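Peer 1: Residue numbers (the UniProt record's numbering), protein chains in the order written: chain A, 1 to 304; chain B, 1 to 304.
Honestly, the hints are just simulated from the structure, not real lab data.
Predicted model only: the values in this text are computed from it and were never measured.
A virtual CB, placed ideally from N, CA and C, is assigned to each residue, including glycine.
Each hint should be verified, as a subset may be incorrect.
[As the list claims (entries may be wrong)] Output of the computed footprint for chain B on chain A, the stretches with three or more beta carbons under 8 Å from beta carbons of chain B: (1) 86–99; (2) 139–150; (3) 178–185; (4) 213–224; (5) 249–261.
Number of protein chains: 2
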Amino acid sequence: MANLLPFKTITRYQHFVYPASHHTCNFPRYKYFSSLSVTTIISHRAKQANYRPIFDKLAHSSATQSSNMATTNAPNDEAGRPKVTLFWLNQSRAQRIVWLLEELGLDYDLEVYRRVDRLAPPKAKEIHPLGKFPVVKVNDDLLAESGFITEYLVDNYGEWLKPKDRASLMRYKYFLHYSEGSFMPPLLVGIVMQGVKNAPVPFFLKPLVNMICSGVETKYLLPNYKTHFDFLESEISQRPWLTGEEFTGADILLSFPLTVMKGKSIFTQENYPALWAYTEKLTGREAYKRATKKTEAMEGDKLV
Amino acid sequence: MANLLPFKTITRYQHFVYPASHHTCNFPRYKYFSSLSVTTIISHRAKQANYRPIFDKLAHSSATQSSNMATTNAPNDEAGRPKVTLFWLNQSRAQRIVWLLEELGLDYDLEVYRRVDRLAPPKAKEIHPLGKFPVVKVNDDLLAESGFITEYLVDNYGEWLKPKDRASLMRYKYFLHYSEGSFMPPLLVGIVMQGVKNAPVPFFLKPLVNMICSGVETKYLLPNYKTHFDFLESEISQRPWLTGEEFTGADILLSFPLTVMKGKSIFTQENYPALWAYTEKLTGREAYKRATKKTEAMEGDKLV
């Protein structure tokens with residue numbers, strides 16, 4: 001029985017996620033289970049050449065040493081590898097967890113969900129009661145919340161993606177909360193207002209709807225965006241990566257709102273040169289490119 | 001020089017936050033610094049009777065044992081007490097950090113800011129570049145993001161507010177991210193839409209504004225609220241507290257959105273009896289009542 005956190009049961013999940021021998025197929029040889037209406041199960045073996053030498057040791061020791069979170073999780077397989085499944089939704093924050101898994105060099109399955117009318121399909125609630133993705137299953141642990149997923153995966157399988165010195169570590173922990181807790185919410189308001197703007201109304205009402213949306217934009221959205229981008233520009237001007245000298249999981253977490261906003265009127269190269277260069281450095285990483293390639297193959301669309 | 005995380009300088013702050021002997025005055029004997037236009041500095045000595053016996057030992061050992069975050073922070077004072085300041089804004093999420101500090105039995109200063117036109121005053125940006133509170137200063141560490149503040153304070157000064165068994169600990173870590181990362185954002189959208197509803201427009205446009213707001217309410221807000229409350233009702237029906245058998249920092253963090261929504265149309269005793277009872281259990285705690293009393297004295301208003 002899975003140690004589900006914090007959700008009680010995922011009965012459907014247990015029926016078909018682990019077909020025999022799915023661990024042996026290599027990317028880009030996808031396994032499609034076309035009988036499933038909303039999901040596709042894909043197995044990946046991450047490109048071994050990019051593994052850090054430390055990886056095997058970490059995977060072996062993770063159950064007892066890397067984190068006090070892992071002390072009673074089901075053990076990894078004989079080769080010390082965890083069994084990882086990422087529940088993935090197109091056009092969602094799950095994209096950066098693909099990237100994180102690529103950076104970690106972990107094997108993982110992708111269970112693919114597609115939006116219906118811009119929303120996650122109702123079946124998503126069978127995995128997570130909130131119907132929100134990403135959700136990650138690691139052996140018997142089921143994880144949600146991007147900040148927590150990042151923290152867990154890095155603690156257990158990628159110590160090199162966590163800062164060593166105290167000041168950087170504090171920033172790391174701060175930014176794991178900041179990205180979703182502070183930076184994303186105004187973006188969410190923007191998305192909701194975009195929905196209002198695009199909603200079908202009689203043409204003679206359109207100007208008024210636009211006026212209301214502009215009001216929210218001027219009074220709430222733009223000042224908030226500016227505050228966040230000013231803050232991040234100042235932070236990233238002080239050091240090579242978000243938290244210090246080294247690339248960490250916090251950089252991956254912050255990448256989503258940055259790439260979403262890049263090129264939009266507020267976030268231009270002219271307004272925020274350091275943040276722009278940093279975002280380009282993020283998207284230039286090999287693991288990011290691999291993740292994007294995989295994601296685009298599933299999206300059927302070009303990603304940012 | 002303060003070890004500011006992640007912010008570079010707070011020059012104003014260093015000038016006047018620590019008047020001599022402020023640590024000796026007892027609640028409810030406030031020290032008001034009326035010459036400061038937006039801030040008031042208040043010193044509290046938390047009610048000793050409610051300290052856990054473990055507290056003194058923890059405070060002494062925190063710098064080296066409780067958490068790897070504290071290894072190079074400035075040391076606590078001779079009695080092993082940290083120097084804590086909470087930057088507090090009326091009608092804000094800072095309220096629950098007062099409660100957390102009361103649960104921890106820590107001495108703390110409150111630097112009080114008041115909203116101007118419903119927003120944090122511009123001076124707030126001198127403390128935190130985002131102009132968002134709560135911000136907490138612990139010795140030389142400056143902390144923001146409620147989830148991170150809670151994690152830090154509990155790790156360093158209140159191990160008894162952290163679960164002992166693994167499943168509960170995983171839930172704890174999950175909920176530290178969930179409260180701000182998932183539960184608060186739809187509430188924020190609600191607040192913004194409330195602003196739209198209340199904005200001054202010619203009377204003949206009012207019905208249309210209301211129509212748009214109702215649209216967002218029906219299509220986005222209510223389904224989202226329902227999803228979250230259903231989820232939390234199910235979670236809290238399974239155990240005495242949010243994460244397990246014991247009250248933890250995660251209960252404190254979740255309290256804010258719950259008390260804000262309690263009694264509103266969606267969150268009634270009838271709809272969510274277990275969650276309602278749980279919220280009453282939270283607000284019935286002695287430390288919560290002390291925090292509320294202090295906060296109400298500053299708010300000049302009754303809190304929920």
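Peer 1: If a hint holds in the structure, say so; if it doesn't, say that too.
Peer 2: Here is what the structure says about each hint:
1. 86–99: violated (count 0)
2. 139–150: This one holds; 7 residues, not fewer than the three required, reach chain B with a Cβ under 8 Å.
3. 178–185: n = 6 at 8 Å, threshold three: holds.
4. 213–224: n = 4 at 8 Å, threshold three: holds.
5. 249–261: Three-residue rule not met by the stretch 249–261 of chain A, so violated; n is 0.
Comparing the model with each numbered hint stated earlier shows that hints 1 and 5 do not hold.
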